[in-house]
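Order-wise, the sequence lines are chains A and B. Just so we're aligned: 3 in numbering that gives the first Met the number 0 is position 4 of the first sequence, and the numbers increase by one with no gaps anywhere. Just so we're aligned: 218 in numbering that gives the first Met the number 0 is position 219 of the second sequence, and the numbers increase by one with no gaps anywhere.
Mixed in with the good hints there might be a few duds.
One side of the interface only, derived from the structure: several residues of chain A facing chain B at Cβ under 10 Å [stated by the list, open to error]:
(1) Arg43
(2) Gly45
(3) His64
(4) Thr185
Just so you know, the hints here were simulated from the structure itself, not pulled from any lab data. We put the beta carbon where it would ideally sit given N, CA and C, even for glycine.
What follows is the residue order along each chain.
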Amino acid sequence: MSDPDTVGFLATVPLLDGRDEATLADLARILRLRTIAKDEVVWRQGEDGREMLFVVEGALSASLHVPGNRTVEIGRAGPGDTVGEVALLDGGPHTMSVRAVKTTTAFALGRVDLAALLAPQDPAAFGLRRAVAALLTARHRNQLAHLADSLGGDAAGPPAEDADRAFAELEYCGPPDSRYVRRMATFHDFDPLALWGFLTSGSYARCPRGRTLLAEGAPSTACYLTINGAVEQVLARGSRRIRVGLAGPGRAFGYEGLVDGGPSPVTAVTRERALLLVLPRDRFTTLFHGEDAVARVVLDVIQRELVATLRQTLRPHARLAASI
Amino acid sequence: MCRILAYLGDPLPVHHLLFDTDNSLVRQSYRPRMMNTFLNLAGFGMKAWDPASLRPDEPFSYRATTLPSFDRNLRFLSAKVAPTCVVAHVRGVTYSDEAVVGETNLHPFHFPGTRVVLAHNGHLREFRRMRYALVEHIRPELAQRIEGTTDSEWIYALVLSQLADPFGMPDTRELADATAAALRILRSLRVERGIDTSSPVNLCVSTGRSLVSTRFSFDYGWYPPEDEMLETDLPYVSLWYAIGGEYARRDGGWEMTDGDPARSLIIASEPLTVDHPGWFEVPEYSMLTAELSPAGLEFETRDLDV
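Sequences are here, hints too, so could you generate the full structure?
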């Protein structure tokens, strides 16, 4: 494939939507074209992630190992889709095994090259970070929809009014002990000034145990970051209720609808009493679309959160698949 | 903080669980992968039930404060024993002059004459403030058997005290109910005393026929600002399981083979292999129960809201 053809293809990739031609040309130079034979295993779940793929032609199948040494197909990727980015972003193992359903050609992007694309503090890198957040949010929504289908029945979570009431009744308070915050792994590698800017961009609030802060299907009023305590994210269908995530210290929730404009995909309930950093919708939107050091912290926090959430959501997926 | 392991299923050489895999329990004593800045060098303990042995309801017992990786006796014995149930533990303590390393503090705990053993991964913060309030919830004949200085042994005595007959053989449901009841008592005493800091209580409780395990924490996410265990406790204390036919070496690696119905279950603080696609994280705030029956292994997970 010639460079102009590659650039033309990259312009059709949703992840790269809106990138200018120079950025795509830079990317084209570092991509490596791979041909994958039908039924060839590209990588196995649990293996170290060394590259992500942009599918040009063909189809890849992603499958999950479930209890009993069995696998279930979770999804397929076709032209323009990407696979493997989660393991590249957090340095962990691949979350699923990927196999070619038919002969497939794909561009491979290595871990170091992806990191180099995301690292600069320039508009292109900020744009790519937002695109990654949107892609991961879409993946997260797909996973949750798949889970909800497995559960069957109609959504049966608490009404949106419960979340509105909990938001209105939040007990605002002063910031947490900075000695504690500095020791949280979530914040270790941020520039101290930018981190301080992030930690002072919202308000702190206490919330008792058992309060619904987000209702599935309703708009998000704020993005929250747990400082103390824990908030569980659940899906409820009929009489069945499964936890799909637990936001303990340093973990964010409530951002999905603020990233892509959709409704909240889950219900969030405080499992323990909690101290939360609250970034209301407008404040979050300003930071998310900003291009300064504080915006960088926000984008990093959301990206890490999405990657952790995608991994976490596979746990009930595996258990449900095993029970079907 | 410690690492725990439990096995229930077809006879399995203990060596496979303790030494053979690349993240075996013994390796987790000196190179845990899911603990921050903490090692588990304060001793090893194990209870193992072998139906072919003399008095099969009584477990084989081994414990030593020496490092298990250099313990030749343990290596030789574990290569010869193939039990159907194992509970094993490597103990970690804080690096402080208050920590007591001694045989009486080694898990799994097992009072003479009882059928239940217990191992604990976690710690009750501010335990000294509630220790003696526990006495009224523990049967005197059990309280007098407490020999060590750990919160875990008190939890063991508390669980036993919730059984109708602490010296009998409880079924799986009774064991699970007793474990949940003990956690409720701990919760209530903590509330009475205003103790509201994170206290993980991952337990493995077993009779050799039944296995009950919890992945649980009181007040998860709340810590004193300068707590020495903070980095270790910020993530919810890990617990994993693998379930299937048999745990065996395949193609150079260790895996749980397919099994329908399942015949073998391993529960461990960390997967026993670095590459672990066949391992599944136990949900937070949950209890696992398992029981061996002629039809296979009966296994259940449920939310633990105490």
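Hint check, A/His64 versus chain B [nearest Cβ-Cβ separation less than 10 Å]:
holds, 4 Å
Against chain B, with CB atoms and a cut of 10 Å, does the hint on A/Thr185 hold up?
holds, 9 Å
Given A/Arg43 as an interface hint, is the shortest Cβ-Cβ distance to chain B below 10 Å?
Status holds, d = 7 Å.
Identify whether the interface hint at A/Gly45 stands, where standing means a beta carbon of chain B within less than 10 Å of its own.
Holds, because the Cβ-Cβ distance from A/Gly45 to chain B comes to roughly 4 Å (cut-off 10 Å).
Of the numbered hints stated above, none is contradicted by the structure.
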